[in-house]
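Colleague: Residue numbers (my numbering), protein chains in the order written: chain W, 1 to 268; chain D, 1 to 339.
The set of hints was computed from the structure by calculation and includes no laboratory data.
Yeah, the Cβ is synthetic: ideal placement off N, Cα and C, and Gly gets one too.
Each hint can be trusted.
Taking lysine to any residue pairs in the SDA-like style, the calculated list, with each CA pair at most 25 Å apart, reads:
#, chain 1, residue 1, chain 2, residue 2
1, D, K291, D, G272
2, D, K110, W, R14
3, D, K110, W, R21
4, D, K110, W, H169
5, D, K242, D, A294
Here are some chain D residues pointing at chain W (derived, C-beta under 10 Å):
#, residue
6, Q73
7, R92
8, A93
9, R96
10, L98
11, P105
12, Q120
13, L126
14, L177
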Amino acid sequence: MNAAGALARREIVRFFRQPSRVVGAVLPPIMAWVLIGSGFGSSFRAPGAAAASSSYFAYFFPGTVVLVVLFASIFSTISVIEDRREGFLQAVLVSPARPSEIVLGKVAGGTVLGFLQGGVLLLLVPVLGLPWRSSAFLGAIGIVLVVSFALTGLGFTIAWSLESTQGFHAIMNLFLIPMWLLSGAFFPMAGAPRWLQVAMAINPLTYGVAALRHGLAPGSEGLPSTELTLAVTFGFALLTFASSLLVVSRNPTGPARRALKKKKGPAS
Amino acid sequence: MAARGALPPRLRPDQRLSATSGPVEVNELSACYGERKALDQVSFRVAAGEIFGLLGPNGGGKTTLFRILATLQRPSSGSFRIAGLDPEGDRRALRRRLGVVFQSPSLDRKLTVRENLAFQGALYGLSGARLAERARALLLRLSIADRADDLVETLSGGLARRVEIAKALLHAPSVLLLDEPSTGLDPGARKDLRELLAELARRDGTTVLLTTHLFEEAEASDRIGILDRGRLLALGTPAELKQTVGGDVITLETADGAEAIRLGAEIGRRFGATAGAPAAVGSAVRIELQKAHAFIPPLVEAFPGRFRSVTLGAPSLEDVFVARTGRLFRENEPGEVAS
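Same shape as in the complex, but just chain W:
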């Protein structure tokens, strides 16, 4: 556990020593929230909700928190690829630390960062005058932690087998961002076409966003039940952590190095 703790601490120390990362992780989602919320504000009406209590700002807020957490976990797991490329990881891989400690350390570090960044946003809730109750609010904080753990595990699983950060960006655009768009963060499931509803129903992040919505706006309608959202979110977290362990135990040193594959014997 010593090794896992050290890896997690390093992740957090590094984050705070790179101010551009702090700004880059929190500011864009808040900008998106303000701009999109303002743009849609007058034309949006959540199905089944009383028009007066539901501005798009309020609707979009839980999704924005999840987006901050998603960005945080992406950036912290991209560091797996950077650590490998810069050489830091090789010293970890020849140490007696167990693969499970390496996974736990990296994922715990990313989880804490995602939680801190998402949590900062949650502090805005009372200031913004969004509807909230303290007991449900504590639940929302817990949900942010679990969602952060799940997304960091997902990012780790992807990053471990990739050689370049470009590869990660491609997967982010093709897979992670669509996953967020179809999570009910951006538009509610109820009004979507049938095929999108199916995609949203099988998207585990849908349940994370819904769980957060239950916490921030108790009594929200048109959502899966609280029990179901919690069960799927915890299950998602366990699944991504298990898959992180699996990719590392299958391939303890990560992708084979290109240089070795390309290297040819001298012509004789």
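Based on the hints, put chain D in the right spot on chain W.
Modeller: Showing chain D alone in chain W's frame:
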């Protein structure tokens, strides 16, 4: 190594940077990448407390051998033991006895020197007062104590390499494995590094195994193995290997490779057995002879203007390489991917 004689005697076990000493045994290691054999049946032993240099051109198989010994890659066949431990048996116990210095930096540049050491300590199960004491002793020994609280990104290449070595020694390994340790160091820092490694082996009894493509670095090893195209071509002390070359070496530098071949053949015809076996190597003709100095005047008179320069030298490790492979050391390099 000139500095060796001046070093103090071996330290008491409790003062040493290595907890215990251990040998390295390599038995018929092979590694294949598809059709190509990067390592072909390589065997050697390194005694405890010995400095062993693996010398070879880039692409010769050094890095593959290093990665296998560092437990980052499994061999296609063959086995090895470090401090008596088999990587397929107890890999974690073996890793505790092994210190690894990589060619590319493994430090976190955003952490301070001390934070990097604390992190490394955690990986090896060191913490608290024991870790702090150990880190302090190493920083003093490696003369980097005054930079302990600086971020690694502010250190020069030579200092950063010292921190790499301190990091690798933190858990008191009995075997220190280094991949091209002098890469990127200026000549002064290279000399410091050689002295440090000698001190580690002599005073602390650490077994040092390093790879290098530099003759001067190999020269400073107790024993060397020459690795070319995946095969171990020679094994012995630098002096032993040089003795295998037949006497001194005359090198005639000519205009180009074709001229070197022509001149070599003409020297052979003109002087017969007295000229030994002239060999064209690159744009030069190379002649190994006992009492080679006496042969220079007749050569110069017989072939005026045919060569730009003539040099006479005691055999070097480069001559050993040329004698074993028929190629210049550097000929291997174009087209190779350094790794």
